[in-house]
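Fit chain R to the given chain S structure using the hints.
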Amino acid sequence: MIDLFEVARRLSAAEVEFVIVGGIAIRGHGGNYITEDLDICYSRTRDNLKKLAGVLAPLEPKPRGISKELPFVFDWTTLQQGPNFTFETLMGDVDLLGEVKGIGGYDDLVTKSITVDFEGFPTKILSIHSLIVAKQAAGRPKDQPGLQVLYALQESEAEGE
Amino acid sequence: MNRTREEKLLNPRPGSKIAAAVEYGIDMTQLVENLRLTPAERVRRNDEVVNSVRKIAAAVSKAKAAKAKIG
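One line per chain: the protein sequences are S and R, in this order.
Using my numbering, you'd call the opening residue of the first sequence number 1 and step up by one each time.
Using my numbering, you'd call the opening residue of the second sequence number 1 and step up by one each time.
Okay, chain R solo, but in the shape it has when bound:
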């Protein structure tokens, strides 16, 4: 039986490297989602995530600074 790439990732055979990766903590649903994108879209998504995380970090820093000023 030839399973699709998505089937292999989402339902790994016991003892497989995919199963080991799941055990390690890798979220296979994210890999499946990424594989549905083009390589260009995958890299653009990386940039978007990093920029979002940086915005959140900046907002947290700003909030902490404001709190310290009040306290």
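This is chain S alone, in the form it adopts within the complex:
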């Protein structure tokens, strides 16, 4: 059973500095996109890495696509090893991004996000406009359905008509 909402809620409750991007962000804006992973762009300060690791550690994160036989230790120093990680956890897949193509790192994203309420915890999700920019920059065929949804949502919230 996945519970990506709960993962995001816990991150917000722990005051981790992160912005939700990808499919869950599209979903948060009202899209009918269905996704099996939570993609977040996060601040890479030491303090934030410690908070992030503190939330994820109980979820027993393991790198996806790597043999389960290989030893893997997860703590905040693991997150110092590089900016991007793809983890499977007890609550579903969680992808950590140091930056988003076409937009930048956490400090850039935070100014291009909106804050929504995740059951009592303010949570940042990337704006519709910036999701479009990011998906256009990625240039992947698999993003086309999501882009169509984003274009429709953007147009529907525009003033006028």
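Accuracy of the hints is not assured; some may be wrong.
Covered stretches of chain R (chain S as the covering partner; in silico rule of three or more C-beta atoms under 8 angstroms from a C-beta of chain S) [said to hold, decoys possible]: (1) 5-11; (2) 24-35; (3) 39-52.
Capping the alpha-carbon separation at 30 angstroms, the derived lysine-lysine pairs in DSSO-like fashion look like this [to be verified]: (4) Lys62(R) - Lys68(S); (5) Lys101(S) - Lys17(R); (6) Lys62(S) - Lys17(R); (7) Lys112(S) - Lys101(S); (8) Lys62(S) - Lys142(S); (9) Lys50(S) - Lys68(S); (10) Lys142(S) - Lys69(R); (11) Lys112(S) - Lys17(R); (12) Lys68(S) - Lys55(R); (13) Lys68(S) - Lys17(R).
Residues of chain S placed beyond 12 angstroms of chain R at every Cβ, according to the derived structure [to be verified]: (14) Arg27; (15) Gly31; (16) Asp47; (17) Lys62; (18) Glu69; (19) Thr86.
Calculated from the structure, these hints are not laboratory results.
Bear in mind that the values here come from a model prediction, so they are computed numbers and not experimental data.
For glycine and all other residues, C-beta sits at the position ideal for the given N, C-alpha and C.
Relative to chain S, chain R alone:
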């Protein structure tokens, strides 16, 4: 005339991006339904759908395995 968000999605102007999305195959009624929910509810709904699909997939796999065993 200022149309509501729902009106724009359900009755798109010809040549609009919404009309293009409909042409692409996006179901605007689903977007309208989602927009009636809070962001938190929308994300929870995603989790519910994924979990339901996984249950169905597991049931299909189980049925196929049972059939193969009999055959």
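Hints versus structure:
1. Given as covered by chain S, the stretch 5-11 of chain R passes the check, having 3 residues with a CB less than 8 angstroms from a CB of that chain where 3 are the minimum.
2. Check result for the stretch 24-35 of chain R against chain S: holds, 9 residues qualifying (beta carbon to beta carbon below 8 angstroms, three or more required).
3. Only residues whose C-beta sits within less than 8 angstroms of a C-beta in chain S count toward coverage, and the stretch 39-52 of chain R has 11 of them, enough to reach three; the restraint holds.
4. Using a Cα cut-off of 30 angstroms, the hinted pair Lys62(R) and Lys68(S) holds, with the two alpha carbons roughly 24 angstroms apart.
5. Proposed proximity of Lys101(S) and Lys17(R) is supported: the alpha carbons are some 24 angstroms apart, at most 30 angstroms.
6. For a cut-off of 30 angstroms, the pair hint linking Lys62(S) to Lys17(R) is broken: about 40 angstroms separates their Cα positions.
7. With a C-alpha separation of about 14 angstroms, the suggested pairing of Lys112(S) with Lys101(S) holds against the 30 angstroms cut-off.
8. Under the criterion of a C-alpha separation no larger than 30 angstroms, the hint pairing Lys62(S) with Lys142(S) is consistent with the structure, at around 25 angstroms.
9. A C-alpha spacing of about 24 angstroms is found between Lys50(S) and Lys68(S), which places the hinted pair at or below 30 angstroms, so the restraint holds.
10. For the hint linking Lys142(S) to Lys69(R), the alpha-carbon distance of about 37 angstroms lies beyond 30 angstroms, and the restraint is violated.
11. The hinted pair formed by Lys112(S) and Lys17(R) meets the criterion: a straight-line CA distance of about 22 angstroms does not exceed 30 angstroms.
12. For the suggested pair Lys68(S) and Lys55(R), the alpha carbons sit about 24 angstroms apart, so the restraint of at most 30 angstroms is met.
13. The suggested pairing of Lys68(S) with Lys17(R) is violated, with an alpha-carbon distance near 45 angstroms, which exceeds 30 angstroms.
14. The Cβ of Arg27(S) does not lie farther than 12 angstroms from every Cβ of chain R; its closest approach is about 5 angstroms, which violates its non-interface assignment.
15. Distance check for Gly31(S) against chain R: the nearest CB is about 7 angstroms away, which does not clear 12 angstroms, and the non-interface claim fails.
16. Non-interface call for Asp47(S) relative to chain R: holds, since the shortest CB-CB distance, roughly 26 angstroms, exceeds 12 angstroms.
17. For Lys62(S), the shortest C-beta to C-beta distance to chain R comes to about 19 angstroms, beyond the 12 angstroms cut-off, and the non-interface label holds.
18. The Cβ of Glu69(S) lies farther than 12 angstroms from every Cβ of chain R, with a closest approach of about 24 angstroms, so its non-interface assignment holds.
19. With a least beta-carbon separation of about 17 angstroms from chain R, Thr86(S) lies farther than 12 angstroms from that chain, consistent with its non-interface assignment.
In the structure shown, a violation is registered for the earlier hints numbered 6, 10, 13, 14 and 15, in ascending order.
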